[in-house]
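Student: Could you build the full structure based on these sequences and the hints that come with them?
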Amino acid sequence: MARLYEVGQLMQEAAKRSDDAPAAPEPVRPVAVDDDTVRAALAQHLSRISGSRTEIVGFGRKSSGFSWITYAFVARTAAEGDRKLILRVGPPSGLFAPYSVLPQVYALQSLAGSGVPVPALVSSEQDGAEIGFPFFICAHVEGDVPAPWAASELDPDHKRAVARQFIEILASLHRIDPGSTPFASLQLGGERAELRAIAGWRASLARPTARYYPLLDWGGRWLRDNCPQPPRRAIVHGDYRIGNFIEHQGRIAAILDWELTHLGDPHEDLAWALMPTFNARSRKLYGVLERAEVIDLYQRASGIVVSDKSLAFYEAYALYQAAAIQMCAVRAFEVDRFNDMRLAVMASQMPSIVRAFERALEAAA
1171 MARLYEVGQL MQEAAKRSDD APAAPEPVRP VAVDDDTVRA ALAQHLSRIS GSRTEIVGFG
1231 RKSSGFSWIT YAFVARTAAE GDRKLILRVG PPSGLFAPYS VLPQVYALQS LAGSGVPVPA
1291 LVSSEQDGAE IGFPFFICAH VEGDVPAPWA ASELDPDHKR AVARQFIEIL ASLHRIDPGS
1351 TPFASLQLGG ERAELRAIAG WRASLARPTA RYYPLLDWGG RWLRDNCPQP PRRAIVHGDY
1411 RIGNFIEHQG RIAAILDWEL THLGDPHEDL AWALMPTFNA RSRKLYGVLE RAEVIDLYQR
1471 ASGIVVSDKS LAFYEAYALY QAAAIQMCAV RAFEVDRFND MRLAVMASQM PSIVRAFERA
1531 LEAAA
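Residue numbers for the sequence shown follow the numbering used here, so the first one is 1171 and each next one is one higher.
None of these hints come from the bench; they were simulated from the model. Certain hints may be false.
Stated by the list, open to error - Calculated pairs, SDA-like style, for lysine to any residue (alpha carbon to alpha carbon, straight line, at most 25 Å):
id: 1; residue 1: Lys1479; residue 2: Met1511
id: 2; residue 1: Lys1479; residue 2: Asp1510
id: 3; residue 1: Lys1232; residue 2: Gln1214
id: 4; residue 1: Lys1479; residue 2: Ser1452
id: 5; residue 1: Lys1254; residue 2: Phe1229
id: 6; residue 1: Lys1254; residue 2: Val1203
Tutor: Have a look at this one:
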């Protein structure tokens, strides 16, 4: 297929790369979140909402991600005994701050008792008046989170069963009518979530760094101008992939990480799940389900006919989003001086992502 752009045109676009991009925010400086302070405030919050003095036992960070901070702990009261809970906090200097707790709260509220397993919501605050940051508390779910890069170590039959569950749960999510859930408030007018997200990633990529990729400028505009109409407005997870669920005794016990959930095109979740990055570099889901098998299973379970053109668009968008996320990390290290060498390493991954994005754009055109 002919290339999507001419080199001369690309260089002209490069010269004016930020002319039509949204204004970029000023550099930030990392703000430390003190675990002891959070623990003390958490005890006060749970004591207030339960009406009983609550002791926090075994409090500690469960992960060292780049966005929301996750803590695991036990809440101990005289009346209820011990409850294993999870606290998620949106720190003021996370990669994608400022944070809103509402998407995750909407998801846990909307999906309780549905065909989509989620942890039970306990409490939440957007203004973070007691803890200091946006937060929510949910029940702890027993099980393990699979590591995509370790997929080759698992039994193929086991992975196949889990992968099929994974797609069937996605179909269940997309079948839910958002109008009967708290997500209904997101449907009232305004710009489509997909276009709003593309504009946000373009603004992020317009911020100054030591690296510039002309294709990302051009590609962001192409995505904005060619975003397809969805077959229906569905609840989209936004980060639906291997590694974002808890598995217990061969069953998916909970789908995790709803911070990017929104109303949008169901093709977006399907494209994200199929990215080789999340499947140990394999073109197969979890290294076992062929693409055609995934699409067939999804169509039969969801009742949604998958459009090859829309899926190709969202596969390109997935790589564009991945590139923008990587560049957020690179900028945090190079400009904002975050002291985390994992952020610096991400710079080395950019060329391969950009090349993959170029191929995906050509396939989508």
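Student: Hints broken by the structure, by number, lowest first?
Tutor: The structure conflicts with hints 1 and 2, although it agrees with all the remaining ones.
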